[in-house]
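A.B. asks: Spelled out from the first residue to the last, the chains are:
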Amino acid sequence: MTRDTTTSGGAQPDPPLDDFQRATVRAADGMHTEQDLQLLSNAGRSCESIREQHERLSHLLAVGHPAPELADRVMHVLNLAGVDARSVLLYAAGPAPELSERVLSALGQSVVGARDSLLDDAAAAPDLVPAVMGETGLACVPGGSVLLDAAGSAPELSAAVAETLDLRPTRSRDVLLEGAEPTPELMGPVLDAVDTSDLRLREVLLERAGDVPMMSGSVMEQLDLAAAQPAVGSLLRDEAGPPPDLSGEVLSRLGLASPVATPEDTVTAAPTTVVPLRRRWALLALPAVAMAAAALLFVSQAVISVAPTEELIAFSTDVANRIEIEDISTDVAAVVHVIPGDFDDFAAPTIIFIDELDEEIDSGDSRAEGR
Amino acid sequence: MKATRLVQLVLAAILFSASPAVPHVAQAGPAAEQAKGRVDLRVHVIHATEAHSKIDPRLEKLQRYLRHLRYTGYDLLETKKLPLSARGKQTFSVAGDRKVTVELLSKDAKKARLRVKIIGRKGQKLLDTTLAVPRNGTFIVAGPKYKGGILVLPLTARY
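The listed protein sequences derive, respectively, from chains P and G.
Under numbering that gives the first Met the number 0, the first residue of the first sequence is numbered 0, with each subsequent residue one higher.
Under numbering that gives the first Met the number 0, the first residue of the second sequence is numbered 0, with each subsequent residue one higher.
A few of these clues could be false.
On the chain P side, residues computed to face chain G include the following (Cβ under 10 angstroms) [said to hold, decoys possible]:
1) Q20
2) F314
3) E323
4) I324
5) E325
6) A333
7) A347
Below, a list of computed lysine to any residue pairs in the SDA-like style, where the Cα atoms sit at most 20 angstroms apart [what the hints assert, rightly or not]:
8) K110(G) / F345(P)
9) K116(G) / V335(P)
10) K98(G) / V335(P)
11) K109(G) / F345(P)
12) K116(G) / V337(P)
13) K60(G) / F345(P)
14) K88(G) / I324(P)
15) K124(G) / D330(P)
16) K110(G) / V318(P)
17) K109(G) / S315(P)
18) K146(G) / L356(P)
19) K98(G) / T329(P)
20) K124(G) / S315(P)
21) K98(G) / D354(P)
22) K116(G) / V331(P)
23) K109(G) / A319(P)
24) K146(G) / E355(P)
25) K109(G) / D330(P)
26) K116(G) / H336(P)
27) K60(G) / D343(P)
28) K60(G) / D354(P)
29) K124(G) / D326(P)
30) K124(G) / D96(G)
31) K124(G) / E355(P)
32) K109(G) / L356(P)
33) K116(G) / I327(P)
34) K110(G) / V335(P)
Because the hints were derived from the structure by calculation, they are not lab data.
These numbers were taken from a predicted model, which means no experiment stands behind them.
Backbone N, C-alpha and C define an ideal beta-carbon position, used for all residues, glycine too.
Sequences and hints are given; from them, build the entire structure.
C.D. replies: Quick look at the structure:
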C-alpha cells in the first residue's frame, strides 16, 4: 500500500500509523513481509528485535509472576510504555505499596495519583509526620480533618498540635467547650486560651453560676457586666438572695442612684400656740361634767330598760330553740311543767310553766286560775 | 407654762379614768377580753290575759308558740337587755314585784349554761333551774300570776 506522503521541505513523512503498527504486530508474530521489513528498518527498528522483545514480555507477564521488580532495567528491557507499565504494576502491587522516592520516580507517577492511591488504601489514622506530609505533599486541611475525626472528643489544645494541624481556633474551642465541665472556671488562662467572646462565656457562667452568684468586685470586673439595669437587676432579683448589700460602694459600682431626700420630706415643727386660760379650765371641767352625768344614770346596774320596739324582739325561728335542763326546783307548792314544743318544729321554744297551787294574790286583782 | 399645761392634762386624764360613764375607755384591754366571754340576754315581759283577745303585733313570731298557754290576749310590757359577763349575774324586777336573777355559768360556741331564779313577792323561790340554751336560742318561763293572767318571759341568749 502506497501513499503520496510528500511533505514540505522534501523530508520523508512518517509512515501512516496503521502501516507501521501493522508491521510491528506482524514482526512480533514473526509474520512480517519485505515491505514491513523495509518500513521498520526506515524507523530504526528491526523485525528480529521486535520479535524477541515480544517473546520476553509475554513470558514476563505470564501467570506466576505476581510482583515484578520495578527497576529501570526492567522498564527499559520491557520497553513498556510508561503508563501501561505503571497501571499494570499498581494493579498487581498489593494494597500498600512503599512510597519511596525511588518507586515514585521509577513509576514516574504524578504525586496526586500516588496520594490518592495511598489514601484509599491507607490505615485509618495515618502518621502525620512532617516527613510524610512533605513527601506526599498532602494539604494540611485534609490531614487535620482526618485527625480530628479520629482524635476523640477532647483533643489537647496544645500550640504544637494546633500549629501542626493548622486548625482554626474556633473549631478547637467548640470541641473544648462541648466536652468541658458544666461550670468552667473563670480563669484568665482559660479565657485567653479559648478566646471566646466574652458575652458567650458570661452567659454560660450565669446560667451555671448557681442560685447566689457572688457579687464581688472581681467577679463583676471579670464578667464585665454592664451597669445596665436589666442584667444587674435580674441578678439581684432572681439570684442574689433577699437582702443585697445596699452600701454606697455597691450602689456606685452598679451605677444605681441612691435615694435622695426630697424637700417635701422635711418636717418642720408646727408653731406652738398658747391656749387661752378659759379654754384650759374648760378642759378640766369636761370630766367633772361627765362624772355628774354618770352619777345620774343607773350606774350600779348596767341593765337598761327600754321601751319595747319591734326591732327588740329577739326570738329567731332560724335557731333550734331546744334547751337542756340540768336541774329544776321550786320552794313553793307548785307544779313545774316543761313543755318542749312541737317536735316537727325545731324553732319551737321550750316553755317552763310554773303552776302555783297556793296562788299568790297580786295587788289590786282578784285571783285567777292559771293553767 | 409648760408645767402648768402638763398638770392640767394629767388631772384631766385622772378624772376621765375615774368616770364610771366611760368604763371602757379606762379599761381598753380587759374590756375586750370581757366582751369575748359575754352573753347579751334579752328578756321580754309579756302579760297573757283572757280579758281581751288582742295580740301585740310585735309578738307575731312568738304567737304560734304561745297558744300552748291558752290565753286569748298578749301584751308586751317591756324588754330588758342584760349583758352577762362570764360567771356574771344580773337581777331585775318584773311586773308583780317578782325578782328574776339570771347567772351565766359558762358558754361555748354552741350553747350557754344559765341559772335562772324567780323570787316571789314574799321572797319565796318560785323557780330555780340550770339549763343550757343554744347560741342565740330562746326559752320561755311562764306562770307567775299577774292581773288576772300570767307573766310570760321569753329569754334569748345572744352572742
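A.B. asks: So which of the earlier hints does this model not fit?
C.D. replies: Failing hints, ascending: 1, 20, 25, 28, 32 and 34.
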